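Engineer: Residues per chain are reported as follows:
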Amino acid sequence: MVRYSSLDYSITGQIDRLNLVLRRAENGVIVLLECNSLPLREEVINRLKEELDENFKFLSINIDEKNKNLPGIVQDYSGSGRIDKKTVVFVHNIDDAMPEVIGYLNWGREVFLDLKVKIIILCPTFVADEIIKNAPDFYRFSHRITIKEKTQTKGEVIPSFISDVKYKDLNELNERIRIQEHLLKKATEDYKIADLSFNLGRLYFKKNEYKKSLKFFNDCLKIYKKIGDKKQIAATYNEIGLIHSARGNYPEALEGYNKSEGIFEKIGDTAGLAAIYNNIAGIHYAQGNYPEALKWYNKSMEINEKIGDTAGLAAIYNNIANIHYDQGNYPEALEWYKKDMEISEKIGDTAGLAATYNNIGLIHGAQGNYPEALEWYNKSVEIREKIGDAAGLAITYDNIGSIYMSQGNYPEALEWCNKSLEIELNLGMSHDVAITYSNMGVACLKNKDLNSALNYFKKSRDLYKKLGLNKDAAEVEETISSLTTGNKT
Amino acid sequence: MKAENLLGVFEFFEIKPLEEEDEIKNYYEKRESPIKSLSKAILLSKKPAKFLFSGHRGSGKSTELNILSGKVKDKYFVVNFSVFDLLSIHDIKDIDLLLTIGSEIYKKAYDEGIKLDKKIVNDLSAWMEDVTKISIKEQKVSLGGEAALNWLLIKLGSEMQTGTTKKEELRGTIKQRLGDLMEKINSLIYEVENKLAKKEGKKILVIIDDLDKIDLDEAEELFYKHSNSLTLPACSIVYTIPISLVHSSKYTQVKLSFANSYVLPNIRLNKKDGGKDEAGREILRKVAGKRMDLNLISGEALEKAIDGCGGDMFQFIYIIRFASIEADNKNRSRIEKDDVSAILVNLRNDFDRILKKDDYPILKEIHKTKDAVDGERLLELFHSLSVLEYLNAERWCDIHPLIIPLLDK
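Here the protein sequences line up with chains A and B, keeping their order. Just so we're aligned, residue 11 is where the first sequence starts under our numbering, counting upward by one. Just so we're aligned, residue 1107 is where the second sequence starts under our numbering, counting upward by one.
Just chain B, with the same shape it has in the complex (with noise of 0.2 Å):
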């Protein structure tokens, strides 16, 4: 199923990652990424380890890791979960992670129908509802005590996304029985892998979506000062990070604390020399082609949204996706290059906003060497896609293509 008209492209540049097993089939488009190694890798971990995965904003990482999900899905019991459904993206502390994961393997496991030791979940229940003071006799409605805890966990779930307060209070509390809490988790993990063992002797695997999209001092905060917290849990962890955290002079250190880390690279569309990268700029054209008929849009007009993205995936489903909009209000048939400028325009002013004054300087510095070197200001450019990573055989930077024109502002 692709696009077959114009009206068609918007549906089907839908911007969100691809997740179920046929989504993948029918659109992804293959490329270079480290999820083959990071699946191998948890596939061969005889103890649970804990990875860092991360990539530019946009570069397509949800979608890896919903591959990734696919690919060790015989062996693992995934709980998959995005920080941006359950926490508040800017207030993410190591013990609202900890609480979650153990919180969403219960949930999971509830939902499956895993019958647990009534033991341990009753002691989870009641250890829970002292630490978070929500009470499950409150609850009217006369549960089992899976269904009560599962209640429970919800509730806490939609606190811990909205009230400070009582966040800060429930932190507080926990900070000084981490010891506690982390018996109850993996005494948590135990027991419904043994639960699996029955079956098919499953483990479990946790990956954590869209915590690349946290600042960068709260992703130091937590990788870097609460490393020791995140390793906690026995069981094996995908962390997602943001690309900033990769470049800061605090990763040597971050990763010591992990199994490895994996970064997804920009798909790159020229070469170091300047001259353009064809298999790149094809891998582009074929994730176009599966979603719209080609000839809904014009040669140029899919060159120039090639270029304008700077090899984001997520800018180029973008582009196209909007592009089809500026052509239905001109009354074509078919994307021209001009409707693709309209956006690229857009999308430039947004770069114009973002950038201060002194960072043209740094900006004209890396164009012109295709190297970026340590310096705070970098890894904000970093973190606002205005400096752009290749990864291929060899790292070099360059600057997103739609800031070239405002270098001579």
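One chain only, chain A, in its complex shape (with noise of 0.2 Å):
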């Protein structure tokens, strides 16, 4: 799902900083710029080249693997007299000289200073966060600012079901609730009634008819309940706890999910716990805290590999290269991509598979490879028409707006928006639905309809809020004021 997160204005205010930092630091500066959109990147760099004034200078070095000495490199260019007071260094490909470089980092951190140079580093998060913590004495010195991607992303995340459905389209889906509901009618002993429910709130589940689902999983909980069948009612708390997340309740997630971890380990049930584990780091996932999130996925590949549940695996493997997609760790996150559609080739996951080839378009989005990114998102939307997953289609058609937005083509941007909006509307999947709000705010915006931007922002703040995530409704709020009082640079 990408989200166009508080803009532009973000960007344009880190860059108002940078511009000052640079103009002010007599005596050179260290500048580490954490972003990980490569198109980005390129924007910053223009827009500074814009406006700072003639008297600057603008060098390029590329660290590659060979020489991952950067004190060193920039103390040769200064001895060939490359560079100078007025010079504004931009170092790019940091990440092909990890980890050496953070070594020669540290250690070498006086050459920078000695040499008074302004030094813009480029980094994605995940070797920022390796500079804080392997070369700290390097950090003291430098400045960081962070840029958020304007489409800020996340990649699709597979949810562990206890026993999944997977169907061929959408006929299937319906015949299948058909003949559920059918034998539910005439049912009169309470396993049968049970069991028929939970298939009945699995099948609703893949159609997005989260209520309807719901109702199905509750009805089915007291059953088991009463007849203490713990296992079903551990895999019902999990289903609960999946609709929840679906929906962006992510509290009510987790307590559906702790419940289910509860009773799974007190039954001693491994496959279970391992799916549970998989789905609490999807929410930790989701409110963006990685460690935390990672942690858990480990907990699940571990369990995954000692009973071999290679699907299991697969799931885990995609949602970790989703965390190292988020630090802009690119190649790690495509390795972890590639592991996971290995299996799910083989084993004929096609669902699984479409979640994966829309997560590599996002990687290639992100670095500015849009022809490869489209070719992937269609590669999704194919198997998504034909598995009938709406839900799928709706995120796979956002991104290719954000394709679109990239290339400033805003009006096809908003058509695919629209195409999205129109399904996440239909099956209630409110938190996509504000986020898309939000996209197509900025598409209004670019495409200069102020008026119905502030609109689509409004109702973007306002289903945040009634979600209970301030974070996100507060970010665009922050945009409505600047659009509102005129603060806009």
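By construction, these hints were calculated from the structure, which means they are not laboratory data. This structure is a prediction, so every number in the text was calculated from the model and none was measured. Possibly wrong hints are sitting among the right ones.
Claimed, not checked - Below 27 Å or equal to it, Euclidean Cα-Cα: the simulated DSS-like pairs (lysine-lysine) are: (1) A:Lys316 with B:Lys1281; (2) B:Lys1290 with A:Lys232; (3) B:Lys1378 with B:Lys1153; (4) A:Lys309 with B:Lys1281.
Dock chain one against chain two, each of which comes alone in its own frame, and use the hints as you go.
Structural biologist: Take a look at the structure:
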């Protein structure tokens, strides 16, 4: 799901700050510019070049695997007279020099100070994190500026069901619902009513009819409790957690998972625990708490490896890849996606593949590789249309819109957002609706339609508030106030 | 009907479980058996329950299971099958069993002319076609939906028994869709029971025989690692299991997944203190008497056969059957002691071939203490019937009587 968060203005604000720092730093400065998206980095550099006065010169250094000694390289450049007090040095590709470059930075920090250079190291989140942890002496002397992506994106998480529903198309899904409802009407024994209700809960969940799904799960939960079927009680709590998670109700989702975890632990059901751990990790991921998410993914992975659950492993690989993606570590993310793809292709898990294709599209998008990104999105759409995965389609449509947005084709972007919005509203995916509204606001703004933009931003803010996602609401609010008070620079 | 001459002995001592109702009536001799408790447990279960049933090879389990079918048949639609007939005994996975359980329920319902809802048959057919890649359309004969599915399941059955590659592929596919498979199987169970409800209100009971013939490793894989899958079908099931699994350290854990487990004890011929157990011996005498005119065997020969079988019903029948050939060879009109001895020598040689040098100290110890403690090797000794367990009032073990002379070797 792509989300254009507080937008251009935060970029503008940060560029202003950067501008000021560079102008004032008579004795040089080290800036760690944390920014994951390659197109965005390009935009920042171009705008800096435009906005700094003519006295500044610019130099780009590309570190590569052969020479990872950044202080040494800078020293050489300086020695040959290519760097002086008016030079702004941009350092690219620092991720290729990991991890050795960290040591060079920490031990060679004096070089930068002595030479009084103005150096901007462009780095993805994961490198910035490494520097903070492992080059603390260097970091103390540097100035960290984070530029949030104009398109803040999240990889698509694959959740774990205790018993997943796989289906070819909507017809099959509808037919299966009809069969279960037919049998439910005739069922008289508790265990049958519970089992059939559980199935209906799963099937309606796949149709994204969350209200109905929740009703059936609550029905069967009551009976499972009555007949003391612990395993099924745990499975049902997991499903309830998944529904809340899909709707963005994270506290309720965690509540469901925790109940489920407690029972699985008591009855020693390790496969069940692996599923729950993955889902708990998903909540932490959704809330941006990556170390916590990784901790739970690893717990889940350990069990899945032990019990040989390959489908479970594929899902975890995808989800771990998402974390690396979010931290701008694209090669690492791609590697995990590939591991996932290998398994999913082998076991014919098309739904899983569709999510992974979508996520790989995101990586190419973040690298400014738009045609390739579109290619992966289309692969995902193809599967999702075939299996009737409307919720998945909404996500991928949104991502396709983001590509057009990046290319400056705002009307086309809006069109895809609308396609996505229609599905999300139909399926009651409130959280996604809030994100899409915000995205549409950006598209309208870029398209110089301030009124529509404000309208969408307000809708987005209100929905975030309603969902209790106050941080998101505040971010959108900031955008709204900057637009209405004319603070835009 | 029983044997009136030696030729008849060979015929009436056929080594197979008693199946038909009158067979059981004519030849079954009442013995200590858990079947009464098992049938009660099944009849009293309010929801589907899964049971384990074991006993030494040849102790008469299949006959007992056939008796069980008879006891519950008024309340249950019994689907009884042997894995020997439907699967490859050396390679059985949980998925195979689930598929076979579903298939056998459908086939039996089809054979008995139970008309199932079209929606369910079509959905099941489409799904089975998709996962098995067996196309019903390839069928030249145009069949109705029900018959076509029946054809598909029969074809699937023969592929499960032979094709290794295809079987692996199918397992891989279904493993990822276990939730869907169970939705299909349980929907089928509910639908069959709905149709039965209109007539007699019967529920489904599946009895799976001959699973006790699989290796211990495979049994542990199935009943320990995948016990969860085996309890998923929404009908009652009786699984036979190898006696060696009962002695395995994992058994306590295995039992937790099942409603209860039952062991058919061997017929006890001797007491723990070495004295003869007349009650047990009398059962075997009566078994012989039901199948032959007892004038066709000398008293000594009969006692020798009883001693030699160690309480194993299969071996008892086997010994007399082949002793009749020995006697006939010598133009005798009745089986004498040396005819029985000739068969016992062969059986003893079999043991001699199976047993390893290291086994003898263990066997000696068991013979002395009448007790068998845990150990990897011991499980194999149980599996080969070298060690027999007697579960009457008190549990004790002894080695097979035929092995005793080998101990001093």
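Engineer: All hints, please: hold or fail.
Structural biologist: Here's how the hints hold up against the structure:
1. A:Lys316 with B:Lys1281: Within the cut-off at roughly 16 Å; holds.
2. B:Lys1290 with A:Lys232: holds (24 Å)
3. B:Lys1378 with B:Lys1153: violated (41 Å)
4. A:Lys309 with B:Lys1281: holds (22 Å)
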